[in-house]
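Sequences and hints are given; from them, build the entire structure.
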Amino acid sequence: MEQESKFTFVDLFSGIGGFRMALAANGGSCLGFSEISRDAVETYCDNFAEASDGNLGDVRKIEALPPHDLLTAGVPCQSWSIAGKNLGFDDDRGQLWNDTLYLLKQSRPKAFIFENVKGLVDPRNESALGHILERIREAGYHARHHVINSCDHGVPQNRVRVYIVGFRNKGCFERFRLPPPLEARKTLGDLLGIQTRVPAAATASPGRVMSLSSKNGFNDYFLFNDLRNGDTTIHSWDILETTDRQKHLCHLLLQNRRKRVYGRLDGNPLSLPHFQSLDPTVALDELLALVDLGILEAEEYLFDVASPKRHALAEEESMVLACAAGGQLVIDDLKGNRSLGLGRGGIARTVEALKEKGIITCREIRYDFKNTKISTGLFGVNRIFLPSSDRFPTLVASDTTDYIALDDIEPTTTEDYRRQFLEKIYRSGRFRRISKREACLMQGFPGEFRLPDARARWMKLVGNSVSVPVIDMLCKAILETGVFAPKTKKPGSRTSVAAGS
-15 MEQESKFTFV DLFSGIGGFR MALAANGGSC LGFSEISRDA VETYCDNFAE ASDGNLGDVR
45 KIEALPPHDL LTAGVPCQSW SIAGKNLGFD DDRGQLWNDT LYLLKQSRPK AFIFENVKGL
105 VDPRNESALG HILERIREAG YHARHHVINS CDHGVPQNRV RVYIVGFRNK GCFERFRLPP
165 PLEARKTLGD LLGIQTRVPA AATASPGRVM SLSSKNGFND YFLFNDLRNG DTTIHSWDIL
225 ETTDRQKHLC HLLLQNRRKR VYGRLDGNPL SLPHFQSLDP TVALDELLAL VDLGILEAEE
285 YLFDVASPKR HALAEEESMV LACAAGGQLV IDDLKGNRSL GLGRGGIART VEALKEKGII
345 TCREIRYDFK NTKISTGLFG VNRIFLPSSD RFPTLVASDT TDYIALDDIE PTTTEDYRRQ
405 FLEKIYRSGR FRRISKREAC LMQGFPGEFR LPDARARWMK LVGNSVSVPV IDMLCKAILE
465 TGVFAPKTKK PGSRTSVAAG S
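Residue numbers (the numbering used here): -15 to 485.
Mixed in with the good hints, there may be bad ones.
[To be verified] Calculated cross-link-like contacts (lysine to aspartate or glutamate; reagent style EDC-like; alpha-carbon spacing at most 16 angstroms):
hint, residue 1, residue 2
1, Lys444, Asp383
2, Lys420, Asp386
3, Lys357, Glu281
4, Lys339, Asp288
5, Lys420, Asp383
6, Lys339, Glu301
7, Lys357, Asp386
8, Lys231, Asp276
9, Lys339, Glu284
10, Lys444, Glu422
11, Lys354, Asp222
12, Lys339, Glu283
13, Lys89, Glu47
14, Lys408, Glu394
15, Lys420, Glu432
These are calculated hints, taken from the structure and not from any lab test. As the structure is a computational prediction, the values presented were derived from the model and not from experiment.
This is how it looks when you write it as structure tokens:
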């Protein structure tokens, strides 16, 4: 049953209706929405029983909006190149932020909520944010930006976004207050229907607590990569069948590859003599065995350079040879030289071409981990979150390699925590990607919210949406200012006034 209308709103960049769901639940009546994604429009109309002709279409082509009380806009992130143009509201259409501000100026609602990615408040975008706020002020509004994490307001998702909330009436603006974050947070276990318990404090000294969710010294998720170490980091040598000796060699590399003595990069491969300086018993065949396992990778690192006088050189070959010094060429010098403009693939191809011409000859081979991209994880897994976690990584339009565990574990020590996870969760296959229903719940939509069947399609729609509980919180705070209160007569006066007029 719909509530009696307390205010009207227009929903720009509506997506699948995150703004609308929250505002309608608080008595708002939608007078029109604007969206250009076909999937989003169909999903919006299906779930809100909205006729497709309610779509106002491309924001860049809208000349006027119907009179309304509240304007909302989940403005897509851009490069924010609008800063510094100062062309005026009628002359700078085409940039989505400018189009939004143009419609705000034209329609003059009593209040608005604009949403954007957290990058808008980064120092590098300071001028862009300042430009937006100045344009809002020029339009006759009092506004402030707020950085809000969805996990603080009722959903288990780490989603930090910027919300600009503004009022035409200064008194309403001054009365606007955000409520404090919720003390009781939902967990992934609430979504899965799994009862979780907070682990007792770790009896061993815990490693560095990671940035998302942790309790009593235990991280609520396990990270899969070979370049970092910690109590809840899983390495490829933990997954593949390896001996204690092989694990020892991997840890030697892990603990030393970032030391400056081995190179100038953040992570450097080590040669056989380097390994032997750390442990004199290391043999070449041991390193090659780890290469065969797919844990290490051999890399030609240092080259002797011969005279190229008898060879015709391509431009990129000359550029690479220009990095040589003292008759030697170091791969580090190429990787760290941005002016080359070749990228890793271009460097590798050019080095091969110079080898084929006999201009360079490998002098030193080094060894590094094969998996050197932290974000890609290992064997298709980046992170696995336990049901006890109160936040999942930000849902984005593209799918991720983050998973949820289907069982909880009760560790007693940090060593036991790792052992239980590997045995009960990872090796038992008790983990999976989030489902469509769970993605909806992580954004505050009903689990039965209707979305396309294809995972790529619904993941894009949900990932591009706003979190419904955050909008619900903002809407309630706006209502409490009295901005939409009905007009009342002043005693002894024939005129009428309203809080938000």
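Numbers of unmet hints, in rising order: Failing hints: none at all.
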